[in-house]
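Note that the protein sequences, when read in sequence, are chains D and H. Quick note on the numbering used here: the first sequence kicks off at 1 and runs consecutively. Quick note on the numbering used here: the second sequence kicks off at 1 and runs consecutively.
Simulated from the structure, these hints should not be mistaken for laboratory data. Any given hint could be a false lead.
Unchecked claim - Calculated cross-link-like contacts (lysine-lysine; reagent style DSS-like; alpha-carbon spacing at most 25 angstroms): (1) D:LYS193 - D:LYS153; (2) H:LYS42 - D:LYS121; (3) H:LYS93 - H:LYS145; (4) D:LYS121 - D:LYS48; (5) H:LYS97 - D:LYS178; (6) D:LYS79 - D:LYS121; (7) D:LYS47 - D:LYS79; (8) H:LYS93 - D:LYS153; (9) D:LYS153 - H:LYS42; (10) D:LYS121 - D:LYS47; (11) H:LYS93 - D:LYS193; (12) D:LYS29 - D:LYS47; (13) D:LYS153 - D:LYS47; (14) D:LYS193 - D:LYS178; (15) D:LYS178 - H:LYS145; (16) H:LYS42 - H:LYS145; (17) D:LYS47 - D:LYS178; (18) D:LYS48 - D:LYS29.
Claimed, not checked - Which chain H residues face chain D? A few, computed with CB under 10 angstroms, are given here: (19) THR7; (20) LYS11; (21) ILE14; (22) ASP15; (23) VAL19; (24) ASN26; (25) THR41; (26) ALA112; (27) ASP118; (28) GLN123; (29) SER124; (30) GLU127; (31) GLU130.
Glycine included, every Cβ here is placed at the ideal spot set by N, Cα and C.
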Amino acid sequence: MELAQAIDHFSTLSLSGWNGTGWTPNICKGALVPFDRFITERTFGQKKRLFMTNSHVGTLDQYNVVYVEGAGPYIIGAKNVDVDTGMAVYNNIYLMIHAPEMCEVIQIDSGVAASGAPMDKTETVIATVHCDRERFSNRNAADQEDMSFAQVKLTLPNGTVIGADNELRVNGIMYDVKDVDVSLLTVVAYCIKRSATAQ
Amino acid sequence: MNEEDFTLAVKSTIDKRGVDIATQLNVSAFVDLDDTANAATKLQGTDNVIVWQFSSLDEDPFDPLYTLMFMVGAKTTTDPSNYTMMQFVSAVKAVFKNQTRIVIHDYSGEVAGLEAGDMFIVQSGVEQQEFDKESGYRFVAVVAKVVRKAV
Chain D
1 MELAQAIDHF STLSLSGWNG TGWTPNICKG ALVPFDRFIT ERTFGQKKRL
51 FMTNSHVGTL DQYNVVYVEG AGPYIIGAKN VDVDTGMAVY NNIYLMIHAP
101 EMCEVIQIDS GVAASGAPMD KTETVIATVH CDRERFSNRN AADQEDMSFA
151 QVKLTLPNGT VIGADNELRV NGIMYDVKDV DVSLLTVVAY CIKRSATAQ
Chain H
1 MNEEDFTLAV KSTIDKRGVD IATQLNVSAF VDLDDTANAA TKLQGTDNVI
51 VWQFSSLDED PFDPLYTLMF MVGAKTTTDP SNYTMMQFVS AVKAVFKNQT
101 RIVIHDYSGE VAGLEAGDMF IVQSGVEQQE FDKESGYRFV AVVAKVVRKA
151 V
């Protein structure tokens, strides 16, 4: 009980949650822990945060994306519970990943030619979700030595469905999905950028 | 058919025959290995597919006479003894059998075009097996003499 009271003492930050179309305010109170700067990647700024909240005050379980006033949107990446000796959960700790951009999931459909082969692609946006975009490598073209393609990792909220015929678009840039992995509570898409723009 | 559109007609005719084979064998797809937009998703899966690759279409010695070369075969994933693959390859080889005549149409649109020429297969042989991660591939190498019709 004393442990829960200690968490309560620090739980002064109120979060908003993404409901699919907008932000629902005051979904949960908690605190961003100061030591979380040591768990983030060595990239500019702090990408990952840890948010703790007393279990009886509320949880973020109903939300995949939350908004921290002054910091922006975050994807819920994982949840850990702290349990006392009486097996009671006194603290929920959430790993949050900064997700400042919006990603469109695009369905690619083709017509069928008289040969039976696909023809004439059409694009339809089937979902728009928050995302973290990270360029982590490049890959040389198979035939052109002077050309390389950016390989990008897009981290998306839990439940995002990416089918075999889907592509992703962030800030107008198309990404061809090469692999999709579910990592803890996030969906991670490994992509190749389709154009040579600066973004 | 004019010379500029003839290569497309030849390509779409092989597509047509391949899709027919895939349908007959109840295989999920007929995949052009050079179709980078669609091939990867089909090849990375565990489904069996019929695959092909357009190698060359050369004037021989000059238009309207051509020599055509292409590879067509099968990819299987979980296939003990490669029997499923050999069943598919046998079906492919039966369609593209030596001395077979295939009429060329332009099948690239929504409806088939008029007769654009003929291909006459002069060589059809099973090649050695290839492997890509968990999948095996085997192709039939086909050589055909092609005549373009002027109309």
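Hint check, failures only | 4, 5, 6, 8, 10, 11, 15, 16, 19, 24, 27, 28, 29, 30 and 31
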